[in-house]
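Protein sequence lines correspond, in order, to chains A and B.
Positions in the first sequence are counted from 1; adding 119 to them yields our numbering.
Positions in the second sequence are counted from 1; adding 119 to them yields our numbering.
By construction, these hints were calculated from the structure, which means they are not laboratory data.
Bear in mind the structure is a predicted one, so any value in this text is a computation, not a measurement.
Fair warning: there could be bad hints in the mix.
It does not matter which identical chain is used: a pair holds within one copy or between any two.
Claimed, not checked - Below, simulated DSS-like cross-link-like pairs (lysine-lysine); rule was C-alpha separation at most 30 Å, straight line:
1. Lys297 x Lys353
2. Lys309 x Lys357
3. Lys339 x Lys357
4. Lys357 x Lys303
5. Lys357 x Lys201
6. Lys297 x Lys201
7. Lys249 x Lys357
8. Lys247 x Lys353
9. Lys353 x Lys309
10. Lys297 x Lys247
11. Lys201 x Lys303
12. Lys339 x Lys183
13. Lys278 x Lys309
14. Lys353 x Lys305
15. Lys252 x Lys353
Next come the chains, spelled out residue by residue.
There are 2 protein chains.
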Amino acid sequence: MKLSRRGWLKNAGIACFGATAGGMATSLCSASTTPSAGAPPLPWPYVKLDPDAVAAAAYEMHYKAGCCYAVSGSIIGELARKIGAPYTSWPTALMTYGGAGVAGVGSLCGGLNAAAMVTFMVAGSSEKEKQGKASEITRDIFNWYAQTPLPSFRPAQPKFENVQIVSRTNLCHISVTKWCKASKCKISSKEREERCACLSGSVAKHTVELLNAHLVGEFKPAHPLSVETQSCRKCHDKGSVLENARAQQDCGVCHFTNSSHPKL
Amino acid sequence: MKLSRRGWLKNAGIACFGATAGGMATSLCSASTTPSAGAPPLPWPYVKLDPDAVAAAAYEMHYKAGCCYAVSGSIIGELARKIGAPYTSWPTALMTYGGAGVAGVGSLCGGLNAAAMVTFMVAGSSEKEKQGKASEITRDIFNWYAQTPLPSFRPAQPKFENVQIVSRTNLCHISVTKWCKASKCKISSKEREERCACLSGSVAKHTVELLNAHLVGEFKPAHPLSVETQSCRKCHDKGSVLENARAQQDCGVCHFTNSSHPKL
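Produce the complete structure using the sequences and hints provided.
Structure representation (structure tokens):
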């Protein structure tokens, strides 16, 4: 499964450097006209990682550039140290974009966005079967996040003690506001930043635990959608009477807030 | 701004191949212990692209692996053709993960997720100033998406004629359900797939238009949040009395559906 540095460079179409002087290389290596012709195919190699070490790294990285950067960078960083290429050429700063629900919009939690990306990187591919497995793992991470009292990760030296909440959502702004109400802290407080750093540690740790299980063929979904949501899907999902909603997540967190069926 | 192939390889720490025989390379180039030490720094180079050509490519690519793959792959593919490295080593299939609101969850629209990632790739960096500019462009794309009748892109040979809707959201499942109600088509219909392919074309085109403007220093935000949402933020955003919500998006699409202030 492990891809050697040489193999990757061969795939990348830049192994021609091996027989040229550096100064000649640009003219001798013509740019590929096929997007991603130089990237090693997915899935990229994965080895068992230490969930606690990755969680600690994610917590620290969160304070540098936020949740999406922290969760992706902590896992990919460990893979870079253990495997090398292609992870050593991953632009770690790129995933900064997903912070605070993407550019501060408050949409999808950046930690979950990163977890989904990394899961596809090491378990997905262009093949439908592998796509299905990566999606299955990702949805279980999303449901775990929505159904579990979080943050579950506690750093060695916390800056503040934390309050746990069950968010029922994958969205940043709902998760943050629920925590603000439970903790009586403001969104721009240092306590809230610490909470999200601990949340990044929690998501990174859980993602690694599932990817370690997948590596040895032992991953099993453990967080199905609620009975209530499955009931919604009987009328709205594919194959139903209405067949007009595509959402594998908890419906009740946004709908039915006033005890009536919502009008969109 | 343009980074030469030689410069990238130098940054990537693999220029040592230039003076070695290919067979020796693996042992001579030791793996970096610093994550992403081999990636060229952000922002990656950008040149003016043809928005219509990118939109057409996104529409076609959507039918291969969905919205997130299509929007990212169409823009990066054009950059790979025009610039070469580092884009030729981008793993195009990776962004498949974001399809249908990430792994089919129905959360953040995959086209928007991809647009945000690409925007950060060519306009963002670890520097706060560039992060701010990339976020400003991204938020304008998100607001445009929520406020504009879409899809606006029409392929040369559409499979079906389309109905436009104003989604008021960045979330896949709300956007899709609104379109299903307006078109009277089901979520699993070929018409819905065509609609989302046209939406991928629309998002890719608009993203390129903004990135082209940014390239020549002419980007200006054109889609502010609504007056109603700005009113919400006066009580809930940073610096306000409650300071308990972080969401730069339309509040009213989910809240106030029953004319009362919602309870979270």
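Against the structure shown, which of the earlier numbered hints fail to hold, in ascending order?
5, 6 and 11
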